[in-house]
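Asks: As a plain string of letters, each chain reads:
Number of protein chains: 2
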Amino acid sequence: MEERKIMLNDAEIPRQWYNALADLPGPVNPPLHPGTGQPIRPEDMQAIFPMNLVEQEMSPERWISIPEEVLDKYLLWRPTPLRRAINFEKALGCPVRIYYKDESVSPPGSHKPNTAVAQAYYNKAYGIRRLATETGAGQWGSALAMACRMFGLDCRVYMVRVSYDQKPYRRMMMQTWGAECIPSPSDRTQAGRNILAQSPDSPGSLGIAISEAIEDAVTGKDSRYSLGSVLNHVLMHQTIIGLEAKRQFEKIGKYPDVVIGCAGGGSNFAGVSLPFVQDKIHGRKIHIIASEPTSCPTLTKGPFAYDFGDVAKTTPLLAMHTLGHDFIPAPIHAGGLRYHGMAPIVSHMLEKNIIEARAYHQLDTFEAGVLWARTEGFIPAPETTHAIAAVVDEARRAKEEGREKVILFNYSGHGLVDLASYDAYFSGKLSAYELPDEEIHRALRAIESHPKCIGR
Amino acid sequence: MEERKIMLNDAEIPRQWYNALADLPGPVNPPLHPGTGQPIRPEDMQAIFPMNLVEQEMSPERWISIPEEVLDKYLLWRPTPLRRAINFEKALGCPVRIYYKDESVSPPGSHKPNTAVAQAYYNKAYGIRRLATETGAGQWGSALAMACRMFGLDCRVYMVRVSYDQKPYRRMMMQTWGAECIPSPSDRTQAGRNILAQSPDSPGSLGIAISEAIEDAVTGKDSRYSLGSVLNHVLMHQTIIGLEAKRQFEKIGKYPDVVIGCAGGGSNFAGVSLPFVQDKIHGRKIHIIASEPTSCPTLTKGPFAYDFGDVAKTTPLLAMHTLGHDFIPAPIHAGGLRYHGMAPIVSHMLEKNIIEARAYHQLDTFEAGVLWARTEGFIPAPETTHAIAAVVDEARRAKEEGREKVILFNYSGHGLVDLASYDAYFSGKLSAYELPDEEIHRALRAIESHPKCIGR
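Chains as they are written, first to last, in this note's numbering: chain R, 189 to 644; chain G, 189 to 644.
Don't take every hint at face value.
Identical copies go unnamed one by one, so any copy, or any two together, can satisfy a pair.
Within a straight-line C-alpha distance of at most 30 Å, the following computed DSS-like cross-link-like pairs (lysine-lysine) qualify [as the list claims (entries may be wrong)]:
#1 312 x 409
#2 434 x 587
#3 312 x 278
#4 587 x 355
#5 278 x 593
#6 193 x 409
#7 355 x 617
#8 442 x 193
#9 593 x 640
#10 439 x 355
Since the hints were made in silico from the structure, they are not lab data.
When you get a sec, could you build the whole thing from the sequences and use the hints?
Replies: If you want it as structure tokens, here you go:
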């Protein structure tokens, strides 16, 4: 009997994260200070992040040791299984072996705690006592809530009000892990009060929530801000995914021809792919594909430019594929893929043709997700269905080409707390939204015309 | 580094279920035909269940081979991990090693598919094309929905209307797996129409839903009924849990002093414990504890009697601990533990002092569940918190006795689709309900006075 799941035992867990900055060709454009236009200095960031994480963000070291305290928490659910999707393969009838790295087995059900646990640890080690963050649908907020509880930190999560009201389950998760979850805009911050004064019934937005969380962190005592994607150190923490997957492939004497991840801010995609990117840079032939929604086609249609990470323009300028910092995507159900920008490292890899990107609309992704659920059993998160749609595409191409292929993708999370999206799909309430070209042009003009932003 | 999770590889999955009827001391009282008062004959059950499952229900064989087709589906999530809860141990500060068999890793998030997959297979093999069942909160209905899809059977689930309206997530799971989920009472059956004629706004009950599902199965073409607990064959399918756990303990050279499971209808408790009961019968010293809610204290306070399995009195009479077939428990959040009766095999073991039973109220169980979530990360199902409360008790006893103990319990499911119960707990809306003695006496009198039932 061929193994369906390839496990690592606890002792085989990787003990270092991989820092792709050490290997990526060409310098990755540094973040710029919006005031000076100069590369940001570590001291510019220390009010927001603890210095040990700032150093990690800028480190040139290829390998960064994972602290024992972090490993100890990782072992609650890691190493995660590498599973083979035999039933899904049979349903497709294509000459492919499909393996998936199952990040849905973590307590909150996604890859997010890989960095949440690390960030909570480094903040704790630096003497920080409270973290503030924002969350949309709640995946990141719930992961940070759990991580903070494990290291005895207080945690305050500003959750976009419309999600707070409509998606109570992740709020309840945060509460169960002891975090304070505040609907945003709130009266806790000047930013929130300003919004409420103008529109008392504001449904909130991720931009507002970020502003509230940063203000909270900066004005509080022994408090810092925490971000769940985009930044280098966040992506690096996620490389545990790809590093484990490589060891698991070694165990079965295989290596993937294709690696696929869905991409919102870029952390789960980078997490699974960067360790394979290292091989690719050294000559290994491997196809690496980022999958995103047609409603928020950052990589496939957004220009590569210096832009802000948030609507309120409080972050440094990041060199990235972006639809413009004031872009508001259509309300698709893959909340984690509705970010206007893309991690600088991921954007850089696209520029260097190390990776490619594809966009899928949500009718296709849910169709793939339902086929998955009905063959493999597990119900994937709406974000994850974007990766599955790309897997289906690759499998069909392999059939057309008459080539056998080994596909790896990152199963970034389960959909048990997002079942309302499947309900909307079955009841015909979803549309195959594709961002119109005029919207893209508008985004491009907005970036180019903004005095701080630097278009391509 | 000591292993936190003990895994079995695919090839190590047990290939036989254990039938405790072959070893249990004294004859287990057979089900009786309510009309004749005589032990039920196989042919009496064939309108409801396929003959291959009826034979399994009555089989005296100690070991029943698991069909390859069932193993193939089990391998989607089995063998499940045996994990050690080191952080929870530290929080308790007692001389215990706590291991848990993690049944929450299945696609619907509970142990239920262990029997759902087996039942779907046997029905399919017998030529059945559609299964009907009932569900309360939806754990069982969702498991059967998935299993039916895997074997190409249609599936119709009658879900108690109040749960259908208030707990939409498991209904959406069933839909995602392609089952038809019908709020009960419905106009699909005579039983449902009768209720609706009297009370068009009836919130439904498990009793009504059972009547609808049985009527649907019996009157349909090539259709049968399926039950998720209580019966011998259901408990036997669940023994895969304990059989795997024994192999996992062998791997680390340990054996549990105490085995704990929560008990509603009895299937998850029996699943984890029966393989250890076999050892106990052969002289091994081991403590086996069933944990139930004080609001539905079937084992701890209910008499041992012949009673019906359902409110509508459509089932055979079963010899079991029961609170009376018309008992309606308080609306506690552990929906899976709100059954008036207990599996005959489990009831028999209590009579023979092979197991013991304890009751906990939900404030204590949620307290234990929150401590678990905040130390181990994973959020347990409300049912599972009853097992955790018993683990806490046993750990404290070990400290008092100054003895080191190895505890095994069954982590029967996760709580991600039951987070509203945690919300109710934190907002102080839960009470420590304990069934008053007069209610127990009433139940006892009801059983004794019923012409068909046979009290102790």
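Asks: Evaluate each hint against the coordinates.
Replies: The hints, checked one at a time:
no.	hint	verdict
1	312 x 409	within (14 Å within a copy, 64 Å between copies)
2	434 x 587	within (25 Å within a copy, 44 Å between copies)
3	312 x 278	between (48 Å within a copy, 20 Å between copies)
4	587 x 355	neither (40 Å within a copy, 43 Å between copies)
5	278 x 593	within (14 Å within a copy, 47 Å between copies)
6	193 x 409	neither (46 Å within a copy, 39 Å between copies)
7	355 x 617	both (18 Å within a copy, 20 Å between copies)
8	442 x 193	both (14 Å within a copy, 25 Å between copies)
9	593 x 640	neither (45 Å within a copy, 65 Å between copies)
10	439 x 355	neither (41 Å within a copy, 43 Å between copies)
The structure fails hints 4, 6, 9 and 10 (numbered hints given earlier, in ascending order).
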